[in-house]
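4 protein chains.
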Amino acid sequence: MCAVVGIFGNTDAAKLAVAALFQMQHRGHESSGITSSGEGSDGKMVTVKDGGFVRDIFDKERMLLLKGDMAIGHNRYSTAGSESLFDAQPIQARCNFGDISIVHNGNLINKDEVRNQLIEDGSIFQTNMDTENVIHLIAKSKQVRLRDKIKDALDVIKGAYSFIIQSNDKQYVIRDKHGIRPLSIGKIKSGGWVIASETCCFDLLDAEFVRDVRPGEMLVFTKDVIEPESIQLYEPDFHPCAFEFVYLARPDSDIAGVNVYQCRETMGRKLALANPVDADMVVPVPDSGVAAALGYARESGVPFELGIIRNHYVGRTFIEPSQAIRDMKVKMKLSPQRSLIKGKKLVVIDDSLVRGTTSKRIVKMLKDAGAAEVHFRVAAPEIKFPDVYGIDTPTKEELISANMTKDEVCAFLEADSLEYLSIEDLVDSIGCSENYSLVSFDGNYFVK
Amino acid sequence: MCAVVGIFGNTDAAKLAVAALFQMQHRGHESSGITSSGEGSDGKMVTVKDGGFVRDIFDKERMLLLKGDMAIGHNRYSTAGSESLFDAQPIQARCNFGDISIVHNGNLINKDEVRNQLIEDGSIFQTNMDTENVIHLIAKSKQVRLRDKIKDALDVIKGAYSFIIQSNDKQYVIRDKHGIRPLSIGKIKSGGWVIASETCCFDLLDAEFVRDVRPGEMLVFTKDVIEPESIQLYEPDFHPCAFEFVYLARPDSDIAGVNVYQCRETMGRKLALANPVDADMVVPVPDSGVAAALGYARESGVPFELGIIRNHYVGRTFIEPSQAIRDMKVKMKLSPQRSLIKGKKLVVIDDSLVRGTTSKRIVKMLKDAGAAEVHFRVAAPEIKFPDVYGIDTPTKEELISANMTKDEVCAFLEADSLEYLSIEDLVDSIGCSENYSLVSFDGNYFVK
Amino acid sequence: MCAVVGIFGNTDAAKLAVAALFQMQHRGHESSGITSSGEGSDGKMVTVKDGGFVRDIFDKERMLLLKGDMAIGHNRYSTAGSESLFDAQPIQARCNFGDISIVHNGNLINKDEVRNQLIEDGSIFQTNMDTENVIHLIAKSKQVRLRDKIKDALDVIKGAYSFIIQSNDKQYVIRDKHGIRPLSIGKIKSGGWVIASETCCFDLLDAEFVRDVRPGEMLVFTKDVIEPESIQLYEPDFHPCAFEFVYLARPDSDIAGVNVYQCRETMGRKLALANPVDADMVVPVPDSGVAAALGYARESGVPFELGIIRNHYVGRTFIEPSQAIRDMKVKMKLSPQRSLIKGKKLVVIDDSLVRGTTSKRIVKMLKDAGAAEVHFRVAAPEIKFPDVYGIDTPTKEELISANMTKDEVCAFLEADSLEYLSIEDLVDSIGCSENYSLVSFDGNYFVK
Amino acid sequence: MCAVVGIFGNTDAAKLAVAALFQMQHRGHESSGITSSGEGSDGKMVTVKDGGFVRDIFDKERMLLLKGDMAIGHNRYSTAGSESLFDAQPIQARCNFGDISIVHNGNLINKDEVRNQLIEDGSIFQTNMDTENVIHLIAKSKQVRLRDKIKDALDVIKGAYSFIIQSNDKQYVIRDKHGIRPLSIGKIKSGGWVIASETCCFDLLDAEFVRDVRPGEMLVFTKDVIEPESIQLYEPDFHPCAFEFVYLARPDSDIAGVNVYQCRETMGRKLALANPVDADMVVPVPDSGVAAALGYARESGVPFELGIIRNHYVGRTFIEPSQAIRDMKVKMKLSPQRSLIKGKKLVVIDDSLVRGTTSKRIVKMLKDAGAAEVHFRVAAPEIKFPDVYGIDTPTKEELISANMTKDEVCAFLEADSLEYLSIEDLVDSIGCSENYSLVSFDGNYFVK
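Chains as they are written, first to last, in the numbering used here: chain A, 93 to 540; chain B, 93 to 540; chain C, 93 to 540; chain D, 93 to 540.
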C-alpha cells in the first residue's frame with residue numbers, strides 16, 4: 093500500500109520526513125527509506141533505506157548522513173516477493189542529467205510490458221519494483237528539461253501512481269489523472285512544504301493543509317520560487333480509491349476533503365439502518381472497526397462496548413507453538429472482555445472481511461468467552477475482486493467472498509448472522525460526487 | 093507497579109509464564125525474568141532475566157534453558173534507581189535448604205529497617221530490591237519446613253506484597269493480609285495452575301478463573317496433590333488498592349470480583365452526573381480514558397467521539413529535538429482529529445492527573461487544532477499523596493494536586509473547566525463493601 | 093583489493109563460497125556477498141550481501157535463502173566513497189536474456205568514459221562500482237549467446253579484471269590478458285569446481301589446485317559437461333601484479349606457481365645481502381613482516397626474535413581518546429617485548445612502507461621500550477606511484493616516498509637507518525620470467 | 093584462568109581498566125566487568141558487567157556510568173557451569189560498613205566447606221562463584237577496620253587468590269602466601285597506580301613496572317597517601333604457577349622477574365637438546381608454539397618455518413556442518429603451508445598437549461598436505477593431574493596423558509614420534525630458585 097512523503101525547503105528536511113513516515117507507518121512497515129539533497133548537502137545526494145520500522149531504521153548515525161533542505165521518503169508494505177534484491181525505496185540513480193531519486197505509491201498495471209520492452213532494448217533491472225521502470229524511461233527520454241523527461245515517462249506507464257521525484261535542486265510531484273491514491277500538500281510553519289500520502293502527518297510537522305494534488309497534476313518545487321509551479325499534465329478523470337476510506341487511511345486523515353473517521357462512522361450508521369439486529373451491545377474489532385461501530389451503535393441505539401481488548405505490545409511471535417496455547421497469534425493481539433459479554437448478544441463490527449480466517453477466530457473467541465450470539469457486520473461491501481491499483485489484496489482464490497455466498501461465509505465464521513455494507517451505502521457514506529474506484533467490490537477495472 | 097506469575101504443574105510452564113508476562117506488560121517493561129524448576133529440569137533451577145520487553149527477552153535460545161513443570165515470572169516497572177546492580181526479578185538464591193527463587197509485586201514499607209538490621213548482622217545485599225530482604229529472612233529462619241521459614245520472614249516485613257516463591261518441587265503463593273495488590277488463581281485446561289497479578293492473562297493461557305488468593309492466605313502447590321493446600325496465615329483486613337481500578341489494571345481484568353472496564357464506565361457516569369457540562373462531544377485520552385468516557389457520554393447524552401488518535405508504533409524517541417517540531421514526544425503518540433473537533437466544545441476524559449504536564453500539552457494540542465472549549469474531566473479524585481504500597485507515584489513535590497488548588501490546576505492546564513471524581517463516587521463505582529486503599533487520595537497510610 | 097570466488101556443481105555451493113570468502117577475508121572486509129542459483133534453487137537466483145565480516149553476515153537464516161549448486165561470492169575492501177548507494181557485490185540484474193550476477197576483482201581504468209557513454213545513451217546507474225558498467229555492456233550487446241555478449245563487453249573495458257559471471261545454469265570466468273590479479277582453479281573432492289582469487293582457500297574446501305586461469309582466457313562451466321570449456325579471448329601479455337607477493341596475498345597462497353611465503357623469505361634474504369647492519373636481533377612487524385624477517389635473519393645470521401607482540405582481539409576502537417593513553421590505536425594492536433629489546437640494536441622488518449605514520453609510531457614505541465637502535469628495513473621497493481589496477485594505494489600526495497627522499501623518510505621515522513629492497517631484487521625474488529606489474533614502484537602504467 | 097586489574101588515583105580510571113582488560117583478554121572472554129567509585133563518582137559505586145569480549149561490552153553509553161578515580165576489573169574464562177546465575181565479576185555488595193566490590197583470580201579449594209558453613213548460618217548465595225564466599229566472610233567479621241575484616245576472611249579460605257577489593261575510598265590488593273597467580277604493580281605516568289595479573293598491559297597504559305605484589309602481602313591504597321601501605325599478612329611460601337610460563341601468560345609479560353617469551357624460547361632449546369630429531373624444518377603451532385619453536389630451531393640448527401598459517405578472523409563457527417567440509421573447526425583456524433612442507437620431515441612444536449584432539453587433527457592436516465614425517469614435540473611435561481589453583485584443565489578422564497603412555501599418545505596422534513619437556517628442564521628454563529607449582533605435572537597439591 094505504501095506511503096510517500098516529500099519535504100522541500102526546510103533545513104530539517106530529513107528529520108521532518110522521518111516524522112511523517114512515522115505517522116504513516118500503518119501504510120507499510122516492511123522497509124523505509126529517505127533520500128536527501130539540496131542546500132546543505134554539499135551537492136551530494138544520499139539515500140538511507142533498510143528493512144523494519146521507521147523508529148528503528150533512522151538512528152542518529154544515519155540521520156547525520158541525510159543532509160540538505162530537500163528529502164523524499166517511503167514506507168513499503170510487506171509483500172511476498174524475492175528477498176534477493178533490495179526492493180526498498182527511494183530508488184536513487186545516476187542518469188545522463190545527474191542524480192535523481194524517486195518514491196512511488198501505487199501500482200503500474202502495464203509494468204511487465206514496459207519492463208520487457210526496456211530489457212529488450214538493453215536496460216538492466218536491479219530490483220523487482222515497477223518504480224525502476226520509471227527511472228529508465230526518464231533516463232531514455234530525449235527531452236532536455238527534467239519535467240519533460242518525466243512527462244515522456246508518464247506517457248508510457250499506466251496505473252495508479254503518486255510519485256515524488258527529487259533532483260539535486262528540485263522536487264517533482266505527480267498524481268495520476270484518476271487520483272487513485274491520495275496525495276496532499278501542506279505548508280510547514282517553520283518553512284517549506286510537505287507533500288504526503290495522508291494528511292494525518294501534518295499535525296506532527298506543524299504543517300497546515302493547503303490542498304490535494306490534483307489528478308493529472310505535476311507540481312515543480314524550485315528553490316527561491318515561493319509557490320510550486322503547477323502543470324496540468326493530463327485531463328483529470330477522478331476515481332479516488334474507496335478502499336482508503338474503508339480500511340487503509342488513518343482516521344485522522346482527510347481525503348478529497350472528507351474526514352476518514354467521520355466517513356467510517358457514517359458507514360456504521362448505514363450498516364445499522366440496512367441490517368438491524370436485536371442485540372445487547374455493539375463490539376468493534378479494535379482498532380479497525382471502532383469508528384463504524386460508534387456509528388452503528390448510535391443509529392441502532394444498541395450500546396457501544398469495548399468487548400475486545402487489544403494488546404499493543406505485540407511484536408514478532410516469540411514463543412514456539414505449544415499444545416497448551418491454541419490460536420495464540422490472534423489471542424496475543426485480542427482478548428475478550430469475558431465479564432462484559434457473558435450471555436450477551438453481540439453485534440461485532442469490522443472494517444472489512446478479506447480471507448475470513450481472523451474473523452472466524454474472533455467469533456470463536458467470543459463464543460468461548462460466553463457470548464450468547466455473535467452477529468458479524470462488515471462496514472464494507474463484499475470483496476470479490478483483487479485490487480490492482482496499489483492495495484495488496486490477495487488473489488481471487490484467497491478472497492472468501494469471491495468463492496462463497498454470504499450464507500456460506502456466515503457458516504464458515506460460525507456467526508449467528510452476517511451482513512455487509514452495500515456498495516450504494518459505501519458511496520453515499522463518502523458522500524462526494526466522484527466516481528469512486530470500487531474495483532475490489534465491483535470488478536470495474538477502469539484503468540486499462 | 094510490577095506483575096507476577098506462577099505456573100505449576102504444566103510441562104510448558106516457562107512458555108505459559110512468558111505468555112502471561114506478555115499479557116501483563118502494561119504493569120512494567122523495564123525488565124522481565126523467569127525461573128523454572130521441577131520435573132523435567134534435571135534438578136536444576138534456572139533463571140533468565142534481562143532488561144526490555146517480554147517479546148524481546150525470551151528468544152528461542154533462552155527458552156531452551158527454562159525447563160521443568162514449574163515457573164515463576166516477573167515484569168518490573170521502570171523506576172529511577174541505580175543502574176549498577178541487577179534489579180530484575182526473580183531473585184534466585186542458594187540457601188541452607190536448597191535453591192529458591194522469588195517474585196514480588198508490592199512494596200515493603202519497613203524495608204530499610206529490615207535491611208539495615210540484616211546488614212548489621214552480617215548479611216550482604218547484591219541488589220537494591222526490598223525483595224532481597226525476604227530471602228535473607230527466610231534463610232535465617234530456624235524453622236524446619238520452608239513454609240514455616242517463609243512465615244517467619246513474613247512476620248518481620250510490613251507493607252503490600254504478593255509473593256510467589258519457588259523451590260525445586262513446590263510453589264508458595266502469599267498475599268498480604270490487606271490484599272493490597274491483586275492476585276488470582278486459574279486452572280489451566282492443558283494441566284496445572286496459574287497464579288497471576290491480573291486475570292487478563294488467563295484467556296491466552298486457556299485457563300479458567302478459580303478465585304482470588306485471599307488476604308493473609310498462603311497457598312502451597314505440591315506435586316501429585318490435586319488441590320493446593322491453603323493456610324490462612326493472618327487474619328484478613330481487606331483493603332484492595334483503588335488505584336488498580338482507576339489506572340493500573342487492564343480493562344479486561346476482574347479484581348475482587350469486579351470487572352475493571354465496567355467499573356471505569358461507572359466512574360465516567362458518576363463524573364457526568366456530578367459535573368455536567370454543555371458540550372458537543374466527549375473525547376477520551378486514548379487508551380486510558382476510553383471506558384470512563386463511554387460512561388460519561390451515556391450518562392450525559394453528549395456524543396462519544398475519538399477526537400484524539402493514538403499512534404501505536406511509538407518506541408524510543410528516535411529523532412533529535414528540532415526547532416521545527418515542538419512537543420514532539422506527546423504529538424508522536426497522540427494526534428488531534430482536526431476536522432472533527434474544529435469549533436467544537438469538548439469534554440476531555442482522562443483516568444487520572446498526576447503531574448499535569450501531559451494533560452497541559454493535550455489541551456494545547458486540541459486548542460491548536462481548533463477546539464472552541466476544552467473541559468477536562470478526571471475519572472479519579474485529586475492525587476495528593478504519594479503511594480507507598482507498590483505504585484510508582486512521584487514525590488509530593490511533583491504531584492500537582494498536592495501543591496495547587498483545583499482552580500490553579502485548571503489555569504495551569506489552560507482548560508476551560510476542570511473537575512474530578514469524588515472519593516465517594518470512586519468507592520461507589522467499585523461498588524463492593526471493602527475498605528479500599530485510597531492512600532493517594534486521602535493520605536490514610538493504614539499499614540504502619 | 094577484493095576477493096572473488098565461484099563454486100560450480102556442488103550442492104553445498106553457497107556454504108563452500110562462504111568458507112572461501114572467510115579464508116580470503118584479508119583481501120577486504122567492508123562488505124561481502126553471495127549469489128546462488130542452479131539446480132536446487134527452483135530457478136530463482138538469490139543474492140545476499142551486507143556490510144561487515146563474513147563470519148557475521150552469513151547467518152543460518154540467510155544461508156537458507158542461498159540454494160542451488162552454483163554460487164559466486166565477493167569480499168570488498170574498504171574504500172572511501174559514498175555511503176548512500178549499495179556498493180557491495182555481487183551485482184545481480186535482470187537482463188534481456190535472463191538473470192545474471194557478477195563479481196569483480198580489479199579496476200577498470202576507462203570506467204568513467206564507459207559509464208559516461210552509457211549514461212549518455214540512457215542507462216541508469218544505481219551504484220558507484222565500475223562493475224555495473226560491465227552488466228550494462230553485456231545487456232546492450234546484440235550477440236545471441238551470453239559468452240559472446242560478455243566478449244562484446246570486454247572489448248570495451250580496459251584495466252585489471254578477474255570476473256566471475258553467473259547465469260541460471262552457467263558460470264563464466266574471465267581474467268584480463270595481463271593476468272594482473274590472480275585467479276586459480278581447484279577441483280573440489282566432494283564434487284564440482286572452485287575458482288578463487290587465492291589458492292589459500294582450497295585446503296578448507298578440500299579442493300585440489302588444478303591450474304591458474306590463463307591471462308585472456310574465458311572458462312565456461314556448464315552443467316553435465318565434465319571439464320570447463322576454455323576459450324582464449326585475447327592474446328596473453330602476462331604482467332602479474334608484484335604487489336600480491338609483497339603485501340596482498342596470504343603467505344599460504346601460490347601465485348603463478350610461486351609460493352608467497354617462500355617468495356617473501358627470499359626478499360628478506362636479498363634485503364639482508366644488500367643492506368647488512370650490525371644488530372642484536374631481527375624483529376618483524378607482525379604479522380606482515382614475519383616471512384621476510386625470517387629470511388633476513390637467516391642470511392645475516394642475526395637472530396630472529398618476536399620483539400613486537402600482536403593483540404588479536406582488536407575490533408573497532410572502543411574507548412574514547414583519553415589524555416592518559418597516547419598512540420592508543422597502534423599500541424592496542426602492537427606491544428613491545430620490553431625485556432627482550434632493552435638496550436638492544438634492532439633490525440625491524442616490514443613488508444612495505446606507504447604513508448609512514450604507523451612505522452613512525454612503531455619506531456617510537458620500540459625506542460620508548462628501551463631499544464638502543466632501530467634500523468628499519470622494508471621488504472619492498474619505495475612506493476612512488478599510485479596503483480590503478482585494483483590495489484587501494486593512497487594518492488601521490490599521501491605516499492611518503494613520492495614526496496621524500498630515503499634520508500628524509502628515515503629522519504621522519506626517527507629510525508637509525510632505513511633501507512628498501514631494490515626493484516631488481518624484488519623481481520629476482522619472485523623468480524619467474526614474467527614482466528611483473530611494478531607500477532607502484534616504477535610508474536610504468538602499461539595498460540592504457 | 094581470569095584476569096584482574098585495579099586502577100587507583102586516575103580520573104580516567106575506568107577507561108584505563110578497560111584498556112588493561114583488553115590487553116589481558118587471552119586470560120578469559122566469557123564475561124568482563126568493571127566497578128568504579130571514588131572521587132568524581134558522586135559517592136555512587138557502579139558496576140557494569142556482561143558476557144562477551146571487552147571490545148563489545150564497554151560501549152560509550154556504559155562508560156559514562158563508570159565515574160570516579162578508582163576502578164577494578166575482571167575478565168572471566170569460559171567454564172562449564174550454570175547459565176542461570178550471573179557468574180560475572182566484579183561482585184558488588186552492600187555490607188554493614190558500606191559498598192564493596194571484589195575481583196578474584198585463582199581458585200579456593202575449600203570453597204564448598206566455607207559456602208556450606210555460610211549457608212548453614214543463614215547466608216544466601218546468588219552466584220556460583222567462590223568469590224561470593226569472601227564477601228560474606230568480610231561482612232560477618234566483627235573487626236572494625238575493613239583491612240581487618242578482610243584478614244578475618246582470608247584466614248578462613250584456602251587456595252590460590254589474587255584479590256582486588258574496592259570500597260568507596262580505598263583499594264585493597266591481596267595475593268595468597270604462595271603467590272600462585274601473578275600480580276604486579278605499575279605506576280601510571282598520567283597519575284596513580286595499576287595492579288594487574290600481567291605486566292603486558294602496562295605499556296598500553298603508559299605505566300612503569302614497579303614490582304610484583306609479594307606472596308602474603310596486602311596493599312592498601314588510600315587517597316592522598318602517595319605510596320600504598322604494605323602489610324605482610326602471611327609468611328611467604330612462594331610457589332608461582334609454572335603453567336603461566338608454559339601456556340597462560342602473554343609472551344610480553346614478566347612474571348617473578350622472568351620474561352615469558354624468553355622462558356619459552358629456553359624451553360624449546362632444552363626440548364631440542366633432550367629430544368633431537370633429523371628433520372627439514374621446525375614448525376610451530378601458531379601462535380602458542382612460536383617462541384619454543386624458535387628456541388628448538390636455534391639449538392638444533394633445523395630451520396624455523398611458518399608451516400602452519402593461522403586465520404585471525406575466526407569468530408563463532410557460522411556455517412552448519414556440511415559433508416563437504418571435514419574438520420572445519422580446526423581448518424578454519426589453521427592452514428597448512430602446502431608448497432613449503434610437501435615431502436618434508438617436520439618437527440611440530442606446541443606449548444602443551446591436553447586432550448590431544450586438536451593435535452591429532454593438526455598431524456592429519458599436515459600429512460594430508462604432503463608432509464613426509466611429523467615429529468611432535470611438546471614444550472611442557474605430560475599433564476597428568478587436574479589443576480585446582482585457578483587453571484581450567486579438564487578432569488583426569490579427559491587428560492590424555494593421565495590415561496595413556498607416551499607411546500599410546502603418539503599412536504593416537506598418528507605422529508612419527510612424540511617427546512615432552514622434562515619437569516627438570518621446565519624448572520631450569522624458568523630459571524629462578526622458587527619451588528614452582530607443578531601440580532598439573534607432578535600432582536603435588538601443596539595447598540591443603
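Treat the hints with caution; some may be incorrect.
Identical chains blur together in the list; that is why a pair holds if it fits in one copy or across any two.
[Unchecked claim] When the alpha-carbon atoms are kept at most 25 Å apart in a straight line, the in silico DSS-like pairs for lysine-lysine are as follows:
#1 Lys152 <-> Lys437
#2 Lys436 <-> Lys234
#3 Lys425 <-> Lys152
#4 Lys421 <-> Lys159
#5 Lys232 <-> Lys476
Read the hints as simulated data drawn from the structure, not as lab findings.
Up to 25 Å CA-CA - Lys476 versus Lys232, copy category: This pair counts as neither: shortest intra-copy Cα distance 39 Å, inter-copy 43 Å.
At most 25 Å between alpha carbons: which applies to Lys436 and Lys234, within, between, both or neither? neither (69 Å within a copy, 55 Å between copies)
Give the relationship of Lys425 and Lys152 under a CA distance limit of 25 Å: within one copy only, between copies only, both, or neither. between (31 Å within a copy, 20 Å between copies)
Which holds for Lys152 with Lys437 at a C-alpha limit of 25 Å: within a copy, between copies, both or neither? For Lys152 and Lys437, the Cα distance exceeds 25 Å both inside one copy (52 Å) and across copies (41 Å).
At most 25 Å between C-alpha atoms: does Lys421 with Lys159 qualify within a copy, between copies, both, or neither? between (41 Å within a copy, 23 Å between copies)
Comparing the model with each numbered hint stated earlier shows that hints 1, 2, 5 do not hold.
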